[in-house]
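Anchor point for the sequence shown: position 69 equals 69 in the UniProt record's numbering, and the numbering is continuous, going up by one each time.
Everything labelled a hint here was simulated from the structure, so no lab data went into it. Any given hint could be a false lead.
Unchecked claim - Only pairs whose alpha carbons sit at most 20 Å apart, straight line, appear in this in silico SDA-like list of lysine to any residue: (1) K184 x D155; (2) K51 x R76; (3) K71 x I84.
Claimed, not checked - Restraint ranges, calculated between C-beta atoms of paired labels, are given here: (4) T66 x H179: 25 to 31 Å; (5) R166 x D74: 52 to 58 Å; (6) E192 x A39: 45 to 51 Å; (7) T66 x A188: 33 to 39 Å.
The beta-carbon is built from N, C-alpha and C at its ideal position, and this holds for glycine as well.
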Amino acid sequence: MSYKIMAINAGSSSLKFQLLEMPQGDMLCQGLIERIGMANAQVTLKTPAQKWQETAPIADHREAVTLLLEKLLDHRIIQSLQDIDGVGHRVAHGGERFKDSTPVTDDTLAEIERLAELAPLHNPVNALGINVFRQLLPETPSVAVFDTAFHQTLDERAFIYPLPWRYYSELGIRRYGFHGTSHKYVSATLAEKAGRAAERPARGELPSRQRQQRMRNQRRALG
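Assemble the whole structure, with the sequences as input and the hints as a guide.
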């Protein structure tokens, strides 16, 4: 049985998306809405067979999402909004709470907004994108995919900075790791091509030889 999943990456003035046929992962449509908040916003949609581009005044993310859904219907990429079975949202920061992809609830959304103190440029607009889709597709489940989740297995010795302990215990200042969604994909793909379990580290994720040597030198300097 196949189903359609919308992948969303909401930026401060942009909205990137893909509509995928799952579980095979076929791309049905992808695109980008740029310059949100301006009179000449750029709208680009692309399917395997065709590409559409236009400019339009788009005041905010709600208008951007509304236009996106209208275009999917106008170009018959979907027959109705109910064809979209789920929406996955890229979220920059999940703090220490979110260690995996998480269904969006009111509590989840509130925590994403609270974590804006750790990612003030990203989490607020990520939360905004989630909120708009929940309003326009109220019966469609949304899932938050956190860039920091991949790195949550870091040992304490690896994520604590050499700073006073209260910086971590009171302010949450630590190494979180970012771009985890990309790292997870690369790690899993390399593991698959190497014919081994994805849980094992992929060599393609290791630092460069120069960086490894620098790390060894630093360890020696620290004794």
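Checked hints:
1. For the proposed pair K184 and D155, the alpha carbon gap of about 18 Å is at most 20 Å, so the pair holds.
2. Taking the CA atoms of K51 and R76, the gap is near 13 Å; set against the 20 Å cutoff, the hint holds.
3. Of the pairs offered as hints, the one joining K71 and I84 holds, with about 14 Å between alpha carbons and a cut-off of 20 Å not exceeded.
4. The hint said 25 to 31 Å for the Cβ distance between T66 and H179, and at roughly 30 Å that hint holds.
5. In this structure the supplied range 52 to 58 Å holds for R166 paired with D74, their Cβ-Cβ distance being about 56 Å.
6. Judged by the Cβ atoms, the range 45 to 51 Å given for E192 and A39 holds: they are separated by roughly 46 Å.
7. Under the hint 33 to 39 Å, the C-beta atoms of T66 and A188, about 35 Å apart, fit the expected range.
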